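K.L.:
So you can see what is in the structure, the chains are spelled out below.
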Amino acid sequence: MAGVNIQNIKKSYGSVEVLHGINVDIKDGEFIVIVGASGCGKSTLLRMVAGLEQITEGDISIGGRIVNEVEPKDRDIAMVFQNYALYPHMSVYQNMAYGLKLMNLSKDEIEARVAKAADMLQIGDYLKRRPRELSGGQRQRVAMGRAIVREPSVFLFDEPLSNLDAKLRVTMRLEIRALQRRLDVTSLYVTHDQVEAMTLADRLIVLNDGYAEQIDTPLNIYEKPASEFVAGFIGSPPMNFFTGTISGNGKQLELDTGSIMQIGDYPVENSHGRNVRIGVRAEKFAPCNKDEAELVLNVAAVETLGSETLAHGFADNTDSNDFNNSIVVKLAGDARPVVGEVLPVRVMPDGLHLFDMENGKRI
Amino acid sequence: MLFSPGEFMLKRVHFGPSWLPFALVAPQIFITLVFFMWPAGQAIFQSFLIEDAFGLSTEFVWLDNFKDLWNDQHYIDTFSRTAFFSLMVAFFSLSIALILAGMADRVVKFATAYRTMLIWPYAVAPVLAGALWVFMFDPTLGIVAYTLDMFGYDWNHKLNGGEAMALVIMAATWKQISYNFLFFLAAMQSIPKSLIEASAIDGAGPARRFWTIIFPLITPTTFFLLVVNIVYAFFETFGIIHAVTEGGPAGSTTILVYKVYNDGFIGLDLGGSASQSVILMAIVIFITIIQFRYIEKKVDY
Ligand SMILES: Nc1ncnc2c1ncn2[C@@H]1O[C@H](COP(=O)(O)OP(=O)(O)O)[C@@H](O)[C@H]1O
Ligand SMILES: [Mg+2]
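Listed in order, the protein sequences are those of chains Z and B. Be aware that the first sequence starts at 411, since it is given in our numbering, and climbs by one per residue. Be aware that the second sequence starts at 170, since it is given in our numbering, and climbs by one per residue.
These are computed hints drawn from the structure, not numbers from a lab. Certain hints may be false.
Claimed, not checked - In silico EDC-like links for lysine to aspartate or glutamate, alpha-carbon gap of 16 Å or less:
| # | chain 1 | residue 1 | chain 2 | residue 2 |
| --- | --- | --- | --- | --- |
| 1 | Z | K420 | Z | D469 |
| 2 | B | K362 | B | D438 |
| 3 | B | K236 | B | D438 |
| 4 | Z | K483 | B | E366 |
| 5 | Z | K694 | Z | D729 |
| 6 | B | K362 | Z | D619 |
This one's a predicted model, so the numbers in the text were calculated from it and none came from an experiment.
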């Protein structure tokens, strides 16, 4: 059992810096998810914790011991790879026993550990098979098994579910979370899937281009995104953004499209005349009467999902061909808006997010 | 019904008789017939004949030439000498290439330059390769022989059969290492990097990773190269032996192909030489069948 401390970690390949100083203190038993777009440096960060990648600058400690120069095998970690990295010429049993033999455990101990893990993961029937004789989901379990038998202090996962189909991904996600709770092992989990990130994490690290934009619990990140990037990245459908100016002595927002929104008790002091980015989630718009509307949508597309209905539309004065500036409003599952209809909405009291025009930081 | 009528028609239209496929394979067939099948047929025919040394008379003797070979102690010796030579060449060229490829696989800086240099020997013609080794080991002029002399060892492959054998094995091995190296390196680089990383996390050091992960995974390549190397040592080392020892001293480096040449062109025993080449042909066919039947099927994961 051990916490992981990541202090001012930087990574450069040649002259290109891909991680620009990451700081996070991971408590013992915590489940941390690193989420971000492809190429933002998630795997690089994880691989530095594993010892598979040299650290350019900064310190990583596991269980209070700085491990910068420690070999992967001596870091007391186990890793699950995206392609599972099972040894193709070994049976499932041999795959799991490989690392244990190298630990010089007794034969009985090895058998006991493999049997226990196989039981936990329900792969006991496949122990004699080769990896190529298994389905994707079974391979995934074997990869997990190989990590579990080592009884490490830290689990590292690099997009372990991304090769599975959608249904299996949901089941495995729940299983991984249950398993981690049961074993109570500190875990670092990399994914680009924000739903996976939200559902698994005790705390999330949202990574953008090598910077940690925000490190917090999923709910805090959803409710108080620290930057426009985080606000846009977390949540589905993505948040709606507008550009506008604070007016009416900090009481109102004047959108570039001409609409007026009430700021309510959002804390903006002495900001009259300041240009801002405004974010509103789809479910924070409420349909209303025309005379109290803050925004009037011309509905251009409707997605009926059963449990909810998404209406995509354009405000007046916007290019109604470019769905990049469309606005999405989440309605009840039985709502039936039609294309071409006019939909007046207003922002719910706690629905506003304001961000700085220049640096994108939350105001 | 297997296909609907429409489908059947389509197949007929696409693959119906046409002169084009025949025209396309004709050159290949022509070359095979003229340069491979016809000489092979000639050899088989010749192997049933006895011709006197002046070519004045020929006699059809059925399998007598083969019987003579069976009873000829020289030929039996040549057979075991060839087996020894081939196994040594295959063993050394495979092991050395494996070590070099294992190291090259880990090299990051200057990898391309390093690999290019290792490939050069393959581009050298066999006779030139042989000449190079003769030059280095020449008992009076060679740098290696000179160095050995300083350590008190009197090298003379022109008199000592064992040393002559060692020299042709070295030359033939050196020539083949590059080829094996290329295949080994390609095979090693096709192993996903994450497998190596997983075994590093599992606690395996470089040597153990090599023997427990890399080596088993390149087995198909190793088997393939083993066959190729044995065929090489059997047949393609003629040029090297001709340049280095001419089969001597006292026949101690005469392997089967060299004996075919020696008996046929020098000794003018055409029938005996032809029956030896028929036996060689049979060996190639046998090795090829083993390769296709057994090896290619067995090794896949
Ligand atoms: N070995 C490498 N050499 C050079 N650049 C690399 C190397 N590995 C990763 N990168 C770069 O570092 C950045 C982050 O990569 P990575 O951590 O794999 O991203 P991801 O978030 O998709 O896992 C990418 O821009 C990638 O091109
Ligand atoms: Mg990645």
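K.L.:
Of the numbered hints stated previously, which ones are contradicted by the structure, given in increasing order?
P.N.:
Of the numbered hints, 2, 5, 6 do not hold.
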